[in-house]
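Asker: Take a look at the letters that make up each chain.
There are 2 protein chains.
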Amino acid sequence: MSSTGKPTLEVCFSPALLHLYNTKNAVVVIIDVFRATSTIAAALHNGAKCVIPVASVEECIQLGTEIDNSITAGERDGKVAAGLQHGNSPLEYHPEFIKDKTLVLTTTNGTRLLHMVKDAAVIITGSFLNLSAVCNFLAGQNKNVLLGCASWKDRFNLEDTLFAGAVVNRMQEKFNINCDSARAANHLYKASGGNDFISFLRDSSHYNRLSAFGLEHDMAYCCTPDLHPVVPILKGRELVVHY
Amino acid sequence: MSSTGKPTLEVCFSPALLHLYNTKNAVVVIIDVFRATSTIAAALHNGAKCVIPVASVEECIQLGTEIDNSITAGERDGKVAAGLQHGNSPLEYHPEFIKDKTLVLTTTNGTRLLHMVKDAAVIITGSFLNLSAVCNFLAGQNKNVLLGCASWKDRFNLEDTLFAGAVVNRMQEKFNINCDSARAANHLYKASGGNDFISFLRDSSHYNRLSAFGLEHDMAYCCTPDLHPVVPILKGRELVVHY
Chain A
8 MSSTGKPTLE
18 VCFSPALLHL
28 YNTKNAVVVI
38 IDVFRATSTI
48 AAALHNGAKC
58 VIPVASVEEC
68 IQLGTEIDNS
78 ITAGERDGKV
88 AAGLQHGNSP
98 LEYHPEFIKD
108 KTLVLTTTNG
118 TRLLHMVKDA
128 AVIITGSFLN
138 LSAVCNFLAG
148 QNKNVLLGCA
158 SWKDRFNLED
168 TLFAGAVVNR
178 MQEKFNINCD
188 SARAANHLYK
198 ASGGNDFISF
208 LRDSSHYNRL
218 SAFGLEHDMA
228 YCCTPDLHPV
238 VPILKGRELV
248 VHY
Chain B
8 MSSTGKPTLE
18 VCFSPALLHL
28 YNTKNAVVVI
38 IDVFRATSTI
48 AAALHNGAKC
58 VIPVASVEEC
68 IQLGTEIDNS
78 ITAGERDGKV
88 AAGLQHGNSP
98 LEYHPEFIKD
108 KTLVLTTTNG
118 TRLLHMVKDA
128 AVIITGSFLN
138 LSAVCNFLAG
148 QNKNVLLGCA
158 SWKDRFNLED
168 TLFAGAVVNR
178 MQEKFNINCD
188 SARAANHLYK
198 ASGGNDFISF
208 LRDSSHYNRL
218 SAFGLEHDMA
228 YCCTPDLHPV
238 VPILKGRELV
248 VHY
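As given, the protein sequences belong to chains A and B, one line each in that order. Counting from 8, one number per residue, gives the positions in the first sequence under our numbering. Counting from 8, one number per residue, gives the positions in the second sequence under our numbering.
If you are wondering where the hints come from, they were derived from the structure by calculation, not from laboratory data. Accuracy of the hints is not assured; some may be wrong.
Given that identical chains are not distinguished, each listed pair holds provided it fits within a single copy or across any two copies.
[Stated by the list, open to error] Distance condition first, Cα-Cα at most 27 Å in a straight line; then the derived DSS-like pairs of lysine-lysine:
hint, residue 1, residue 2
1, 86, 197
2, 56, 160
3, 108, 13
4, 13, 160
5, 242, 31
6, 106, 181
7, 160, 31
8, 181, 56
9, 13, 106
10, 31, 150
11, 31, 108
12, 13, 197
13, 125, 160
14, 242, 160
15, 13, 31
16, 108, 181
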């Protein structure tokens, strides 16, 4: 808690900066808009039993063999990784396909950050697809919050920061914000106009990279607020829907 | 050089992220707006022979005893550090006082970043006080550029980023920019309106911290563009005026 009596809200731009923040007893929101946390929101909202995020393709294959009714998924360089069944697009996980299944998902940046956070009270995942659900959850916790951007290989990225800014903007009355990263994220959010996120993100490194794989439609989907209004929360190794 | 034929321009938000950037043969601009690189510009423009940035108070005292006609300066917690003669305000170093003297200056964030950069072709320092001089220098180098924000104890800060954004905004036609940090800095610069920097920075961590020491006037001075149009360039251990 801060001296104002309100809990604090901070933003961490990169896993390489995580050590600067106190996550003890805090709520940590893992943000990997393109596309891990978008896919997690979509899969869980569409009925997946849970999502298990793992760091390596090998671990993904191994868990896939151990868990009944599971799907292994993940991409490397824009293609389904060798040995896995599905990709990293939220559009793949429609209800008929994913209902009651366990999605074992390997991603690089988002999973790494999620596994780095050790002492938080709660870890959830955030994306535009579940923006309002995340905000409502945070408003009800009365705990310090860290918005953790997965970034790209530790480099600051615009899309995760824009989402963090959307949260800061909605939460600023309820939290004490004395964090320049949070202020900057909020400035970016306001600069975006607050609704047409994909247009704002067209001039960004990740948009350029994923466009080369033909993923423009995927990214536009990931930038649509509140299509999948669930709060994925980490229980042990599983992300499940918070009720 | 990038594939466009133009050199690249990138922004590093924190010394803790410096390892992600290739500084070999690049021009690196060290940015510590509040207040090291502002004071360096003021002292050199007002006639100092050179500025020697050092990391510790002890080293500052030692060099002060070794170098004729030198001044030792530096602050800790907003006060002149014990054993030193002067503080960290650009307003202290007027021409009558500083002319032909060597300023041995200890600062924490800016000096540390400056000493971390090992393989750059050129290291200069930047602040609003020498904004146009820095931009003109960069435009004439035909080298990749990294704008290095000193930050605050490795945490992203708004004032160094705003200055970086001012440089990005002026340089964007001359450089290839595929760096989300640079894009974000430019968005912040545009959000500031591009002239009243101090008003934009009043809601920032460093402004809050330094205001508690009564340094509002100092910070307003540091936010005034082009009062001290010199390019401080590192030669050995000395920052001198580039001609």
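Asker: Compare the structure with each hint and give your call.
Answerer: The hints, checked one at a time:
no.: 1; hint: 86 / 197; result: neither (34 Å within a copy, 37 Å between copies)
no.: 2; hint: 56 / 160; result: neither (29 Å within a copy, 43 Å between copies)
no.: 3; hint: 108 / 13; result: neither (40 Å within a copy, 50 Å between copies)
no.: 4; hint: 13 / 160; result: between (33 Å within a copy, 25 Å between copies)
no.: 5; hint: 242 / 31; result: within (17 Å within a copy, 45 Å between copies)
no.: 6; hint: 106 / 181; result: neither (36 Å within a copy, 52 Å between copies)
no.: 7; hint: 160 / 31; result: both (25 Å within a copy, 20 Å between copies)
no.: 8; hint: 181 / 56; result: neither (33 Å within a copy, 52 Å between copies)
no.: 9; hint: 13 / 106; result: neither (39 Å within a copy, 51 Å between copies)
no.: 10; hint: 31 / 150; result: within (10 Å within a copy, 44 Å between copies)
no.: 11; hint: 31 / 108; result: neither (32 Å within a copy, 49 Å between copies)
no.: 12; hint: 13 / 197; result: within (23 Å within a copy, 31 Å between copies)
no.: 13; hint: 125 / 160; result: both (20 Å within a copy, 22 Å between copies)
no.: 14; hint: 242 / 160; result: within (26 Å within a copy, 34 Å between copies)
no.: 15; hint: 13 / 31; result: within (16 Å within a copy, 46 Å between copies)
no.: 16; hint: 108 / 181; result: neither (37 Å within a copy, 52 Å between copies)
Hint check: violations occur at hints 1, 2, 3, 6, 8, 9, 11, 16; the rest are consistent with the structure.
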